[in-house]
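Engineer: Put chain B on the given structure of chain A with help from the hints.
Residue numbers (my numbering), protein chains in the order written: chain A, -10 to 370; chain B, -10 to 370.
It is worth saying that the hints were derived from the structure and are not from the lab.
Only true hints are included.
Straight-line alpha carbon distances no greater than 27 Å define the calculated DSS-like cross-link-like pairs of lysine-lysine that follow:
no. : chain 1 : residue 1 : chain 2 : residue 2
1   : B       : K355      : A       : K323
2   : A       : K362      : A       : K253
3   : A       : K323      : B       : K356
4   : A       : K362      : B       : K323
5   : A       : K323      : B       : K362
6   : B       : K323      : A       : K355
7   : A       : K364      : B       : K323
2 protein chains.
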Amino acid sequence: MTTLNSPVPAAPATDPLEKFFAVIPAGGVGTRLWPLSRAAAPKFLHDLTGSGSTLIRATYDRLEALSGNNVMVVTGDAHRDAVCRQLPELSDDDLVLESEPKDSGAAIGLAAAILYLRDPATIMGSFAADQVISPVETFQDAVREAIYTAATGKIVTIGIKPTHASTGFGYIRTGASLDVPGAPSAHAVVKFVEKPSEEVAEQYLASGDYNWNAGMFVAPVELMLRHLKANEPVLYDGLMEIARAWDTPDRVAVKNRIWPTLPKIAIDYAVAEPAADAGDVAVIPANFSWDDVGDFAAIARLNNAREVDAVTVLGEVGRVFTEDSSGIVVTDTKRVIALIGIQDVVVVDTPDALLVTTREHSQLVKKAVDGLKAKGQTDVL
Amino acid sequence: MTTLNSPVPAAPATDPLEKFFAVIPAGGVGTRLWPLSRAAAPKFLHDLTGSGSTLIRATYDRLEALSGNNVMVVTGDAHRDAVCRQLPELSDDDLVLESEPKDSGAAIGLAAAILYLRDPATIMGSFAADQVISPVETFQDAVREAIYTAATGKIVTIGIKPTHASTGFGYIRTGASLDVPGAPSAHAVVKFVEKPSEEVAEQYLASGDYNWNAGMFVAPVELMLRHLKANEPVLYDGLMEIARAWDTPDRVAVKNRIWPTLPKIAIDYAVAEPAADAGDVAVIPANFSWDDVGDFAAIARLNNAREVDAVTVLGEVGRVFTEDSSGIVVTDTKRVIALIGIQDVVVVDTPDALLVTTREHSQLVKKAVDGLKAKGQTDVL
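Extracted from the complex, chain A is given alone in its bound form (with noise of 0.2 Å):
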């Protein structure tokens, strides 16, 4: 067997992209889309574009002309069966299901350790489920590269280039371009920097040295396992005996011994820092839109072709009425709404649960979960 003790084996002569496996992690509630999204319903299992597809569909089909079915999902216990509706081609093989969610350091540090063991030379790329990114060509050329360049033995992050000084990202300092061939964009990052504040975040803007950090990465499973085991060798470890286990008949019961047992911590922290300090991360700053559809206002800029004078509907347009009024309609019920004389308006309208909001507050909406929740309401959370 081979182990990360072994010596690094030579760029194989093969295309790196035949080696490329995609791993979508679908964790997440989506608390601040809450009533739409919730526990059992999270954020990427809902099409919160009106293009038809779920948020978890939608990633899969974008990465697949890439990665063809070689596809793996880390996603909750309680998600496999929607996640099996929505993606029928997945390997039972590939579904990671995370018994307790144990954060991203864990379920990606699985993925490659379970793909490290099958074999040695894959380059994996990790793509959150609940992201909206257009036009998806470019978005396949920027993985493109960013394959190539982890052939080189680099860990290789997507950077998005900022349109504005957003204080809601974090950023990455891009250093020097690198001669990988296929990767004319690539460059080394010089670190990772958290949400900075807005006189900040307008010298990043202003520099041209910032990227947005959107959290894809694409690397050799070899490189992050070694970083991984560097910094928590713990972590590494117990990952490393589930994956042993994986593809034999004892998958389920080593996971749910050891599982519960693994720290949280974000792959930030245990891997894509530490490998930034040490010279091993590189950037592909690419061009496309993305958004994380972090709230009901990104539901409205998303949808904004879908609307009823100037209501923004997600859901059956022909039950939503309305008169001098202004905002967003999130319905997944059958109900008529009306919707009269109210400007900025964020109605989202569920079977059990109905929020009322304003665009301008819709990022508050994780206060009414910790209210409902500290009410004893969690049936509809």
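Structural biologist: Chain B in isolation, oriented as in the chain A frame:
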């Protein structure tokens, strides 16, 4: 058989209170309270005050001290079962069912005709089923004075002493004091006037000569019918024909034959205004508070003790969560409703329709109903 062409009987020596029979017209959808109030569940079948009683039940209870079970209800065919559930005391003989709405002239006129043929000395009092009145004792005192005044041969309206220059009500111009034993407040009525402009309303208020017309009146049925016959002979003849069949096995057949042919006219035009011109109308100015629950702002006024923060809730308070919000929530579902950072909002939540508007715009709800009708969505109207 007594007929109107017989000489008017002399006032009986009995106490006029013994001749009193209350009539409750229960019509009108209450469109401005949609979607709570609607064709299948009109305003009077709701508890809009949080008292635990529907408006029609509260109307019955308010009258019972004076009328006992001498109460007649006029309502639509469709509301038969609901009204009987609300008023189990009601005799079938005292429930007038309209196969189609024919306005108040026919509804109140038929009640007068039936009561007249049972006992021509009856004094009827007509009180709409969807009003909120308090204190009840002050109301009852006014009705009692009205009965004594009616016994002297007057149609007696109960006027509400105005508290502000409302442009939403009709007014009654009050004349000289009448000398009626047991009715010290009785005054002659000079005339009824339509809803005034703001300027005119200010003059009315300043003069002290005007009272709001609440549409409540008490009158000898014989006098009612005499004016009806003079002003609307076709309507009068039709109503008398139904009334003659009422307490016989032919009731339904005759009603079904005649009712659809009756002219539509408000009792104000058919009786009250011509009677006032003839000097036959008196008024008891009264000091109770009176609300016809015309819109959701009224519901907030009437339920201001039931607040969650600054949000008035009519319905299940425990399922409403608010954060930095104000306004009104009316719910007859079990859904959780969360309001976040939204001011002066009106949310009306029913199983098949949802209204979101503002307190300021709640008078415009009729527009939504008209709009939905135009869209063919009559299932929720």
